[in-house]
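So you can see what is in the structure, the chains are spelled out below.
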Amino acid sequence: MAKGFYTDTTVCIGCKACQAACHQWNELPALNDGVVELTGDSYDNTGRLSAVDWRHVRFIEQIPEDRSQEGFLKGSRWLMMSDVCKHCVRAGCLEVCPTGAIIRTEFDSVYIQQDVCNGCRACVPACPFGVVDIGADGKAHKCTLCYDRMQHGMEPACAQACPTDSIRFGDVLELRALADQRVADLRAAGVPAYVYGKEEIVGGLNCFFLLVDEPEVYGLPSQPRLPSEYVAEGLTFSALTAAAVTVGSVVAFRKERMDGMGGDDGDPAATVPVSPAGTPAPGALPGRDAVAFMHAIHGANEASRSRRPAAPDPTAVEGACGSGGCGGACGCHA
Amino acid sequence: MIAPALASALVQAASPYVGHGFPPHWGWSIVLYFFLGGLSAGTYFIATLLLLAGDPRDRETVHLGYLLSFPLLLVCAPLLIVDLGVPLRFWHMLVASERVPALLFKPWSPISLGIWILTLFGLFSSAAYIWTLVETGRLRWAPAVRAAAWARTRPRPLMLAWNAAGMFFGFGLAGYTGVLVSATSFPVWHNARLLGALFLASAISTSYALLMLLLFRRDPGGVRSTLGKLARADRFSIALELMLVALLLVILGRAARPLVSGGFGVLFWLGVVGVGLLLPLTLRWKAVQGWAEHRRELIAAVCVLAGGLLLRFVVVMSPQFPAVSLWAL
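Protein chains in written order, with numbering that gives the first Met the number 0: chain A, 0 to 333; chain B, 0 to 328.
Isolated chain A (complex conformation) (with noise of 0.2 angstroms):
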């Protein structure tokens, strides 16, 4: 049965508790080693999910340009969302990861194995919700879904500091059901809500939320890619490419003799097909040539073997022809 996070963006009040219990009950240390950088934005400190944040509070602060038009506080908005890893049912990072660090448990989670994880990255621009990070220690981090709790039926750390439930934790099913409920409730009173992460994005989202705005609005993709879209396709280019690379390799190799045939400059004895270990094919040498063929062979061995620092060659019989690349034809050692 899958278990998931049902976030309610309505009932946040941004208090942060869910932050503060993912940190303290995955003793996750503080960003930035503490050193407290203001980003300016609202009351977010810490920005973004990151290695060390497993859970962020966001605040989007929806005010209009000219304030006095409407009144105070009038036609603004303040929206909060206590953002966490999706647990995607078709999860991007686990797709990618090559170690088999990354897993599904038997909550249906996805999961990190630390004890697993080389710290390759490939995870990092895998999530289209810029959910893993690379921590100080090189490997990958972000939320467990609290696998520790729940293999003791606890529920994880976040939804159960959350004092206003906006944060609920459950069988996905039984939550979608709630959600859906609330969706229609809030449509009845006039609030646009509506459930992000249903099986459009990315196949269905474990931990799914209840907006009212635009995705975008909430930093989340309105349409999330999977990495493994295109690899099928890449392969194929790829492939057909390498068979373009191979047949125009082989003309341009090949042209020479193709725009001698029929003239007298063309080389037959070029035509000799020389099987990969050195030796003609048996019976390939075309007899028309062959004495003009053995005396150029005989003449490119000895100019390469005079470049070459003398080495006697334990592969030929003679040594005349010091590369052995004559395969036997040029005669000199029959």
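Incorrect hints may have been included.
[Stated by the list, open to error] Okay, derived cross-link-like pairs now, EDC-like style, lysine to aspartate or glutamate, Cα gap no bigger than 20 angstroms in a straight line:
(1) B/Lys105 / A/Glu232
(2) B/Lys105 / A/Glu228
(3) A/Lys197 / A/Glu213
(4) A/Lys197 / A/Asp107
(5) A/Lys197 / A/Asp184
(6) A/Lys197 / A/Glu215
Simulated from the structure, these hints should not be mistaken for lab results.
With chain A fixed as given, assemble chain B onto it according to the hints.
Using the frame of chain A, we list chain B on its own:
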């Protein structure tokens, strides 16, 4: 399959994907790995193809390619390991660390796919390296000589299959790096589905350039016929690369901004397209007044190599550090 894929890509180009992911901070070691890995794969491919489709005059180039491929591959391993957050756990990508000795292979994860391609290509590249050392008389260690002699007597179909498999894994190494980059939810990268193809074409082209550069240094006269072949083949791969760059930009549409504007844009247009592709293509096409052919080819080869490195630099860095001034990197 290709037509609908391109059509859907064009629709997306109009409204680019705005990812919310974070940059992985892949830096110089990854850029260098992409470049050197491509050269290792490309030199192996060219050497093998010359062996199969060339003539005996190309033998010196075959040996040169094989002598380059494996050492280049050896440089790649430390580059990748050093880049890890926990370098000593590099083997976790091959073996399931909690279920030793079970192997770990996730073909849908390009890094996992790539690490196996790299490992298996190492087998072919190292075998070719040893074979070349024996063939050229540099290695006289009895077991190696015996192994080379044994390999020489294998039936031709078997040798063809071996070489084809080696080229297959070489292509894998040259191309998977681009697929890896596009297997993200990151802006620019995610939609760059031709990146694997582009990196592959570039890997082959830079390898042609590297071989030509070294052959010229060695002896411009003795390998004249091979040089002609390499120049012709490189002209083709540069043209292919140019086409792929154009197609990639069309597919990316407005999403290509970080790549083609600002400081990185200068590098892309002047460095990658101008110096790396158009200049060598022109140099190979037309004679320059007062320049020997030799000199033209040398300059073209250096341009291609620089362009290949810059291509990887711009592709890896520009989406990650769009606001950073180039000089700070």
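Verification of the hints:
no.	hint	verdict
1	B/Lys105 / A/Glu232	holds, 17 angstroms
2	B/Lys105 / A/Glu228	holds, 15 angstroms
3	A/Lys197 / A/Glu213	holds, 15 angstroms
4	A/Lys197 / A/Asp107	holds, 16 angstroms
5	A/Lys197 / A/Asp184	holds, 19 angstroms
6	A/Lys197 / A/Glu215	holds, 16 angstroms
Checked against the numbered hints above, the structure violates none of them.
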